[in-house]
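For the protein sequence lines, the chains are A and B, in the order given. Using the numbering used here, the first residue of the first sequence is number 362, and each one after it goes up by one. Using the numbering used here, the first residue of the second sequence is number 1421, and each one after it goes up by one.
It is worth saying that the hints were derived from the structure and are not from the lab. All C-beta atoms in this analysis are idealised placements derived from N, C-alpha and C, irrespective of residue type, glycine included. Where hints are given, some of them may not hold.
List time: in silico DMTMM-like cross-link candidates among lysine to aspartate or glutamate, alpha-carbon distance up to 20 Å [claimed, not checked]:
1. B/K1559 with A/E395
2. A/K408 with B/D1502
3. A/K398 with B/E1526
4. B/K1488 with A/E382
5. B/K1490 with A/D419
6. B/K1490 with A/E379
7. B/K1552 with A/E395
8. A/K398 with B/D1502
9. B/K1559 with A/E379
10. A/K363 with B/E1494
11. A/K398 with B/E1492
Short, incomplete list of chain A residues facing chain B, as computed with Cβ under 10 Å [said to hold, decoys possible]:
12. M362
13. N365
14. V368
15. Q383
16. S396
17. Y399
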Amino acid sequence: MKNNIRVERAIKNITQAELAEQVQVSRQTINTIESNKYVPSTILALKIGRVFGKPVEDIFVLEEGD
Amino acid sequence: MKTRFLFPYWFRYLGLACFLVHIPVMLFFSQYHDMDNPQPGLFTNSHIFFIFTTLMVTVGLFLFAFSKEKVEDEQIMQLRRDSLQWAVYFNYVILIGVLIFTEHMEIRHILLLNMWTLLLFFILRFQWVIFKMNWSARKGD
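Let the hints inform the model, and build the full structure from the sequences given.
Written out as structure tokens, the structure reads:
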């Protein structure tokens, strides 16, 4: 699964730490999600979608083989 | 995030204290006890000494292993589960190895080994992955 959180953050002009605080996780978790090392739960994905005001599919995209 | 079955964050320091306290106790009092030929019977000096130091280490490791992290989130939970699984595998490999490759090892020693390897390996593995994660997060900035 790919995601474009980094791009969305740049558009909204917030840091990893600010996003982390808004969705109540650690900054490290946002970092590992952005670098595709960690797949967030549905709840966390929905929360991230809410912060950016976009549906989850716009932020998280399935890849071949998922 | 709601987490169940975990001690508060500060319990890790309590655990660490328990573990550290046992070291001087062990060093100081072990001179007065003949560890290889303990006095027989329950609640003799050697028995109480043994229970005290063993319990100190076990409770210390236990509290340290199962106290919350500073920020508890779902990734930490996942790392904890992974580490626990690894620790159980590791523990059984060690245990089976010991059973196969040692002859007539005292059952008490096997018990102690079994009691501590699980917790120790879990703590080491869990702290290591957290350290690695923090490291790469700092580098990624």
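Quick check: which numbered hints come out false for this structure? Per hint list: 2, 3, 5, 12, 13, 14, 15 violated.
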